[in-house]
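Protein chains in written order, with this note's numbering: chain A, 31 to 476; chain B, 59 to 366.
Please note: incorrect hints may appear among the correct ones.
Claimed, not checked - Mimicking SDA-like on lysine to any residue, the simulated pairs with C-alpha atoms at most 25 Å apart in a straight line are: (1) A:K265 x B:A189; (2) B:K361 x B:E186; (3) A:K265 x B:E186; (4) A:K215 x B:I329.
Stated by the list, open to error - Here are some, though not all, of the chain B residues that point toward chain A, as calculated from beta-carbon distances under 7 Å: (5) V65; (6) G68; (7) Q169; (8) T174; (9) V176; (10) N198; (11) D200; (12) P203; (13) L214; (14) G284; (15) Q286; (16) F287; (17) A320; (18) K323.
Stated by the list, open to error - What follows is a set of in silico ranges between Cβ atoms, one per label pair, in the way DEER data are often shown: (19) B:G334 x A:E333: 39 to 49 Å; (20) A:T133 x B:Q148: 53 to 63 Å; (21) A:D269 x B:Y332: 46 to 56 Å; (22) B:L115 x A:I442: 53 to 63 Å; (23) A:K340 x B:V202: 51 to 61 Å; (24) B:V344 x A:S315: 52 to 62 Å; (25) B:Y332 x A:G346: 37 to 47 Å; (26) A:D269 x B:G159: 48 to 58 Å; (27) A:E437 x B:K361: 49 to 59 Å; (28) A:K403 x B:L192: 38 to 48 Å; (29) B:G221 x A:T133: 53 to 63 Å; (30) A:G436 x B:I124: 25 to 35 Å; (31) A:D269 x B:I190: 21 to 31 Å.
Hint data in this document are derived by calculation from the structure and do not stem from the laboratory.
As the structure is a prediction and not an experimental result, all values here were calculated from the model.
Positions of the beta carbon are idealized from the N, C-alpha and C atoms, including for glycine.
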Amino acid sequence: MKLKKVFFISIITLVLNGCGDKSSTDLTSEVEEAAPSQFFGIAGYRVGPYGPSGAPIATGYIDYLTLLNERDGGLNGVRLSWEECETEYNTAKGLECYERLKTRNPLGPTAIHPMSTGITYGLIDKAPVDQIPLITLGYGRTDASDGRVFPWVFPLMTNYWSQASAIVRFIETKEGGEKSLSGKKIVLLYHDSAYGKEPHEILKVEADNFGFDLVMIPVPHPGNEQQSQWMRIKKEQPDWVILWGWGVMSGTSIKTAKKVGFPREKMIGNWWSGAEVDTLAAGPSASTGYIAANMNLSGKNFEVVQEILKHVYQKGKGGDESYVGTVLWNRGVAQAMLTVEAVRNAQAKYGNTPMSGLQVRWGIENLSLTQAKLDELGFGGMVPPITVSCENHEGPGVVRFQQWDGEKWVSISDWVLGDQKLVRKMVEESAAKYASEKNIEYGCSS
Amino acid sequence: MSFFLEVLIGGLLAGIMYSLVALGFVLIYKASGVFNFAQGAMVFFAALTFVGAQEKLGFPIWAALIFSLILMIILGVLTEKVVLRPLVNQPPISLFMVTIGLTFFVEGLAQLMWGTKVYPLELGIPDEPIAITLTRWGLNTDAVPNVLKEINSFDLIAAIVAGTLVAALAIFFQITRVGRALRAVADDHQAALSVGIPLKTIWAIVWSVAGFVALVAGLMWGARNGVQFALVFVALKALPVLILGGFDSVPGAIVGGLIIGALEKLAEVYIGPYFGGGIEIWFAYVAALLFLLVRPEGLFGEKQIDRV
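Turn these sequences into a full structure, and let the hints steer you where they fit.
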C-alpha cells in the first residue's frame, strides 16, 4: 500500500514537472572537465520569495560564461566551468553554499557574488582567510568601497550611498536645477531592514545641504500591504517619493501609489526596485511613469545580448529566453563580464592558466574598462566605464535613470554622478571605524 | 476628521482581505481541530495554478478557474488520503506538525509546476476610488459623501466576496448535514467515527472547501500584488485575526479582520511616527495577545469546558 502511494506521488510529480519552468528548477552546473578550468562558484536564488529577482541574474551570469565557452573556447584557451548553489536568499544557506563551492576546484572559486547583503556580512571575515574575492555589485557593505580596509570586497560600479546621492541630484535637475530643492519634501519609503536603512545617513546630510524636508517611512517585511504607509504619504503630500524596496514590497508600493492617487512620475525606485518583476507585479499600466535608478540598462540591442542569442540560445544552451534583455538578466551578464575581465587582467600578468583567488583579486583591483574596451566587449552603453584601484573598490559610482512606459523601461538620463566628495568622506569615516573595531591595519598590498 | 475616517475605512477594508485568508484556517480548524500551517502555501498554489494555466497551458479564464478548483480538490483529497488518514486520533500537535511539512511540499510543488516568475493578475475589478468608477459608469456621485468617494472599488468588491463566502459557509455549517458532521468531527474524531460519521469523506470535503477559499483569497491578493511566492506571507496577516475572532468561528474571522485591519492602520498612521514607524505588523499581534488575556477563546470562539 505504501509503495503504491509512493509510486502514485512520484508519477504525479514527474508529470507535473513537465509544465515547470526549466530555469527555476535546474541548478545548472558545467561539470569540471579533465583539463584545468577557471571555476566560477555561483551562489544564487531561483526559488522562494526572492526567486523572481534572483533567477534572471543567475541565468544572465551563466549565459555569459556559456557564450565565452561556445564562441571563444573559453578565456585565452582556458575553459570556464561553474556550479550554481541555491541559497534561497537565506544567509545560513548562503554560508553553506560558500563552504561547498570553495572546495569544488583545486584553485577554489574565481570570486563569489554572495547576492545578498546578509550573506556578504557573513563572508567578510572568511574571504581573506580563504583568499576568495567577494564581488558585491550593488549590495553589501557600502564602506567596503574603501579597499584599504576591505581588500577582499569589491562593491563594483556603484554603492548605495552613491546611488542615494545621485537620486537627489536627479530630483534637483527635474525640479529645475541648483537650489530648487529648498523647501521641497521628499519621502524615503524603505524596507524596514539593514538594507533599507543603508541610505539614511547620507540622505539626512543631503537634506541639510539642499534644504529639503526628509520624511522616512518604514515598511515592515515583506511589505505586501502598505495602506497605512501610503495614507501617511498622502497626508505628508511630498514632492517626491524615493522607494528603497525589495521583492513584493516594490510592486505593492507602485500599486498602492496608484490606489491613493500619487503620481508614479514622482516615484523613484532604487536599483533593487527597478526591474520588470516590480512593474509587472504592480500591473504594467499602474507602473506607467514610474522611474528607477539603475547601474545597467535593459534591452536587447546591446551587441553582447545579440551574441548570446546567436551563440547560446540558438544552440539551445541558454536558460529561460524570456529573461533576455531584462534589467536583472543584463545585470547578471554584466556581473559575469566584470568577473571574467578581472581574470583576463590577471592572466595578462600571471599567464594564461586558471587563476587563483589571490591572482583574481589583483585582477579586480587593477581593472580598467574604458569605453573603447566596453564597446569591444559588446557592453557599450549597458554599463559605464569602470576603473578600480586599491583605494577605490567601487569604481565610477554613477547611476542611470529609466522610466517605465507601460511596456518596457526607457532610459531618461545620462549617467548621473552624486556628490562623490561627500560619499567618499562618509565611506572613509565608516571604514576607519570598522578598521579600528577590528584592529585592521590600513594599506594597499598591490 | 475626514482623514481619520479615510484611514479607518481603509483599515476595515484591508481587514476584509485578511479575513479571506483567515477563513481557510477556520474551516480546517472547525473540521479537524488542526491549525493548518499550510494555508498560506495553499493560497499561493491556487493563485499560481490559476495564472499558470493561462500562461503556460493557454487556458481561458473560466477554464483556468475550473482547472485550479479541480487541482485544489485533488490536493485536498490527497492530503486526506496521504497525510491525515494515518494520523486519525493522534494528538493535535502531530497533525499540526504534519501541516508544516505540507507547507514546504505545496510551496515546492507550486514552483515546480509553474516556475517562480511574478505574474500580474487582472480580474477586471477597478483598483481606484469608487467615485471614479461610478463616474465612469455614468452615475452621479454628488450625493455620495466625500469620505465614501475615496473608498477603493477593489476593496469594496473584496468585502462583498468575503461577505458572500461567510454567509455561504455559515449556512453550510449550521444547516447542512455535512456541516453538522464537520462540527462533530472537530469535537472528537473517535466519537464521531463511533456514531457513523465518515471521517475520511468529511476531511476530504473540508480540505477541498478550504482549497476553494484559498483560491478566492489567492485571486484577490494576487490581483492586488501580483501572483508570486510572497503570497504565502499573507498567512501572517491572518494569525492575529484568528486569535481575536476565534479559531473556530466563521463570522469571527470577518469581525476579527475588521478590528485588526482598523487597529493596525490607525496605529501605524497615528502612533507609528512616535516609534519610528513600521509598527503595524507587531501592533496587530500585541492587540490580539492582549485580547487573549481577557477572552482566550477569541471573540466568537467556542468556550472549551473540560470535565476533570
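Going down the list of hints, with the structure as the test:
1. In summary, the hint linking A:K265 to B:A189 is supported, as the alpha carbons are separated by about 20 Å, within the 25 Å threshold.
2. Pair hint B:K361 plus B:E186 does not hold up; C-alpha atoms about 42 Å apart against a cutoff of 25 Å.
3. At roughly 18 Å between alpha-carbon atoms, A:K265 and B:E186 fall within 25 Å of each other, so this suggested pair holds.
4. At most 25 Å may separate the alpha-carbon atoms for a hinted pair to count; A:K215 and B:I329 meet this at roughly 21 Å.
5. Checking B:V65 against chain A: minimum C-beta separation of about 5 Å stays under 7 Å; hint holds.
6. Taken as an interface hint, B:G68 checks out: its beta carbon lies about 5 Å from the nearest beta carbon of chain A, inside 7 Å.
7. Interface restraint check for B:Q169: the shortest CB-CB distance to chain A comes to about 5 Å, inside 7 Å, so the restraint holds.
8. This hint holds: B:T174 has a C-beta 4 Å from the nearest C-beta of chain A, less than the 7 Å allowed.
9. A distance limit of 7 Å between C-beta atoms decides the matter here; for B:V176 the minimum to chain A is near 5 Å, and the interface restraint holds.
10. Taking 7 Å as the C-beta contact cut-off toward chain A, the hint placing B:N198 at the interface is violated, the least distance being around 21 Å.
11. Checking B:D200 against chain A by beta carbon gives a least distance of about 20 Å; that is not within 7 Å, so the hint is violated.
12. Taking 7 Å as the C-beta contact cut-off toward chain A, the hint placing B:P203 at the interface is violated, the least distance being around 18 Å.
13. The interface hint given for B:L214 is broken, as the beta carbon of that residue sits about 12 Å from the closest beta carbon of chain A, more than 7 Å.
14. For the restraint placing B:G284 at the interface with chain A, the shortest Cβ-Cβ distance is roughly 3 Å, inside the 7 Å limit, so the hint holds.
15. For the restraint placing B:Q286 at the interface with chain A, the shortest Cβ-Cβ distance is roughly 6 Å, inside the 7 Å limit, so the hint holds.
16. Given the 7 Å rule on beta carbons, the hint for B:F287 holds: about 5 Å separates it from the nearest Cβ of chain A.
17. For B:A320, the shortest C-beta to C-beta distance to chain A is roughly 11 Å, which exceeds 7 Å, and the interface hint is violated.
18. For B:K323, the shortest C-beta to C-beta distance to chain A is roughly 4 Å, which falls under 7 Å, so the interface hint holds.
19. About 48 Å separates the C-beta atoms of B:G334 and A:E333, a value consistent with the hinted range of 39 to 49 Å.
20. Restraint check, A:T133 to B:Q148: a C-beta distance of roughly 43 Å breaks the suggested window 53 to 63 Å.
21. Restraint check, A:D269 to B:Y332: a C-beta distance of roughly 25 Å breaks the suggested window 46 to 56 Å.
22. Taking 53 to 63 Å as the suggested C-beta distance range, the pair B:L115 and A:I442 does not conform, at roughly 38 Å.
23. Taking the beta carbon of each, A:K340 and B:V202 are about 60 Å apart, inside 51 to 61 Å as hinted.
24. At roughly 38 Å, the beta-carbon separation of B:V344 and A:S315 lies outside the given 52 to 62 Å, and the hint is violated.
25. For B:Y332 and A:G346, the Cβ-Cβ distance of about 59 Å falls outside the hinted range of 37 to 47 Å, so the restraint is violated.
26. The hint said 48 to 58 Å for the Cβ distance between A:D269 and B:G159, and at roughly 51 Å that hint holds.
27. Separated by about 57 Å at the C-beta atoms, A:E437 and B:K361 satisfy the suggested range of 49 to 59 Å.
28. At about 60 Å, the beta-carbon gap between A:K403 and B:L192 misses the expected band of 38 to 48 Å.
29. Distance hint for B:G221 and A:T133: a CB-CB separation of about 59 Å, consistent with the stated range 53 to 63 Å.
30. A C-beta distance of roughly 32 Å is found between A:G436 and B:I124, which places it inside the suggested range of 25 to 35 Å.
31. The hint said 21 to 31 Å for the Cβ distance between A:D269 and B:I190, and at roughly 24 Å that hint holds.
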